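Line order of the protein sequences matches chains H and U. First residue of the first sequence: 1, per our numbering; consecutive thereafter. First residue of the second sequence: 1, per our numbering; consecutive thereafter.
Quick caveat, the hints were computed from the structure, so don't treat them as lab data. Given the structure is predicted, the values throughout are model-derived calculations rather than measurements. Note that beta-carbon positions come from the ideal geometry of N, C-alpha and C, so glycine has one too. No false leads were slipped in.
Capping the alpha-carbon separation at 25 Å, the derived lysine-lysine pairs in BS3-like fashion look like this: (1) H:358 <-> H:345; (2) H:118 <-> H:358; (3) H:231 <-> U:48; (4) H:274 <-> U:115; (5) H:274 <-> H:231; (6) H:231 <-> U:115; (7) H:193 <-> H:129; (8) U:48 <-> H:274; (9) H:274 <-> U:117; (10) U:149 <-> H:274; (11) H:231 <-> U:117.
Simulated coverage check for chain U against chain H, where a stretch passes if three residues somewhere in it have a Cβ under 8 Å from a Cβ of chain H: (12) 47-53; (13) 149-157; (14) 183-191.
Derived DEER-like restraints, expressed as beta-carbon distance ranges: (15) U:121 <-> H:277: 20 to 26 Å; (16) H:352 <-> U:196: 51 to 57 Å; (17) H:111 <-> U:48: 33 to 39 Å; (18) H:345 <-> U:104: 51 to 57 Å; (19) U:76 <-> H:205: 48 to 54 Å; (20) U:108 <-> H:98: 49 to 55 Å.
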Amino acid sequence: MKKSILYSLMATALLAGCGLFSSCEKVSPQGVLMANTSVDDRVRQSLIYYTYYGEDLDWILADSIDEYSFLVGSDSHVTFDPGRLAEMVQTGIENDDLFYCHLGDLADTKPEYYYNTKAALYDATRTWKHKYIKALIDEHHTADDGMFYDQRIEKFTKNYLRPWDDWNLPFYPVVGNHDITHNGWSLFCDQFKTSFYEFTVKVGEKYDRFIFLDSANGTLGDFQIDAIENKALENDDKPIRNTFTFTHTNIFRPSMNEFASTYCREELYYLLNKLSEWGTSIAFWGHVHAWDDRMFNGVRHITMPSMNFKDHPNGGDDLLVRITVKKDGTCEMERVGLHSKEMSKDELEAMGYYTTTK
Amino acid sequence: MASFKQRIVIAIILAFTASTALAQYYSGEHTFDGEHEHEASASVTVGKNIITGPCIGNTLHYKHYFNDHWSVDGGANLQYTKELYGIKAKGEYHFKVKSFHMFASAELLYNRYFKYKTNEIDGNISIRFERGYWDITLGETLINYTIGKSGYTELPTLTFGAHATLRPRTNNWNVGLLFRNYDDFYYENWNINWGLDFYYKFNSRWKMFGEFNIRPAGSMSQLASRYETTGKLGLIYRWK
Chain H
1 MKKSILYSLM
11 ATALLAGCGL
21 FSSCEKVSPQ
31 GVLMANTSVD
41 DRVRQSLIYY
51 TYYGEDLDWI
61 LADSIDEYSF
71 LVGSDSHVTF
81 DPGRLAEMVQ
91 TGIENDDLFY
101 CHLGDLADTK
111 PEYYYNTKAA
121 LYDATRTWKH
131 KYIKALIDEH
141 HTADDGMFYD
151 QRIEKFTKNY
161 LRPWDDWNLP
171 FYPVVGNHDI
181 THNGWSLFCD
191 QFKTSFYEFT
201 VKVGEKYDRF
211 IFLDSANGTL
221 GDFQIDAIEN
231 KALENDDKPI
241 RNTFTFTHTN
251 IFRPSMNEFA
261 STYCREELYY
271 LLNKLSEWGT
281 SIAFWGHVHA
291 WDDRMFNGVR
301 HITMPSMNFK
311 DHPNGGDDLL
321 VRITVKKDGT
331 CEMERVGLHS
341 KEMSKDELEA
351 MGYYTTTK
Chain U
1 MASFKQRIVI
11 AIILAFTAST
21 ALAQYYSGEH
31 TFDGEHEHEA
41 SASVTVGKNI
51 ITGPCIGNTL
61 HYKHYFNDHW
71 SVDGGANLQY
81 TKELYGIKAK
91 GEYHFKVKSF
101 HMFASAELLY
111 NRYFKYKTNE
121 IDGNISIRFE
131 RGYWDITLGE
141 TLINYTIGKS
151 GYTELPTLTF
161 GAHATLRPRT
171 NNWNVGLLFR
181 NYDDFYYENW
191 NINWGLDFYY
201 KFNSRWKMFG
211 EFNIRPAGSM
221 SQLASRYETT
231 GKLGLIYRWK
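This is chain H alone, in the form it adopts within the complex (with noise of 0.2 Å):
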């Protein structure tokens, strides 16, 4: 007995010491038991930003257009170098894909990494600006030679279409639990807004519809349950052709390796159901930094790698996911790469980017 309780005296203080002197900078030992931030109130947070913007995420294709993709990442973490977020929306870019959709942990959470974020989309968003804005305009407008390019777009925009500042970048992520910790949600939601949203794109007579759940805690929570079964988004009554999902928690384990999901019990099986439920074309997850690809009950679901310089160091021909969806609905999925290489300090430091943390 006595060898017992010296025994779990050792335990006690090596595990205190370990919780004392470790920086804890990914992991909040504090979460194994309790939160310190509640999906519940993001929830709430979120569908006031809703119930007044929401109307403003719908895409409305043109008739001359009968076909479109979007491209998938998921888990960039960024640090110091944001080099393969930038990367995923320039390929987006490139390739005239509609919108990007993330799905969760962004950037491990610091102000520095965040502002590193916001940086690399925010410069995103001025090529994504110069090449679509302008398109619009100049399809319509007669340049003004005697102008600067972006006076000339802020002219045209305030007069005949919107503000240049109100067009944002189409990047549309979910929460995932390293974008929480540490209070990150205040850093998530300074930039992104809102994490429980959904948009439609709206092709000839019929909808797509496009729906993120906040999961970072490992579950929807009662208020967001409660606002999906009072159907608290908007859609429901439209005519859907296809509806995809983006969620940060994973259902599927791809291998031992990863950590299995940690919904509960009635919750994974609410979910499967919803999903079916939603007649839900493709479901895609994130958080376990693996690739898993199986149909289950009707709905294809995506499980996502990682695309972060740590896990890739070299990238990856597959790091990404384009949905191509046709004009008769049906999708076709194509794995996309990303290939870029971490920055040096010097090189970050030169572009604006954080190289420290305090």
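Given chain H, put chain U in place with the hints provided.
Using the frame of chain H, we list chain U on its own:
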């Protein structure tokens, strides 16, 4: 870096974890006392689940001891508001290694989640190490579920549990702390239940037991969140 306040919280939680894992005794199951070969229990569970709302149900168990080594156990779970019904069968072999009581067991569990049209079959093998004040359980579980025409068998998942009590197992009352990723009628992956339990022996035949259980969703870096909280109260009757 985590702040000093955060580190204190982390240290307390880790200390709690270590003390529950290493200073434990098991009071949820019952070894053969050499006299009573039959044991039956019934309990009522009430609580709240974020998916199914308020929940109420019963569990029933019967255990038969063939001798000091072998026993078999059957149980039924009737969760009325959850529309969850389960049955299970378990065989256990008890032996001693030095001062450790060891229990090797195999269990088969079937759950029907009517609300979600889901059939679930779980197979578990475990070994439990038991001393006077604590026990630790380690095992592997295979979980298969079927919805409609689709079935999926999860890769084997680690089963672990630890339990510590204030008093030795021979005492006629006890209060304990539990920490595990399973319960009588479900197995989870990395979601860690924790809670408090107690028993009181009226005499050699009758015993009251209870449990307060917090079952979170998510864990580790996922920041465990509220999922289910339950209270259980029951009676055990033993006879020759």
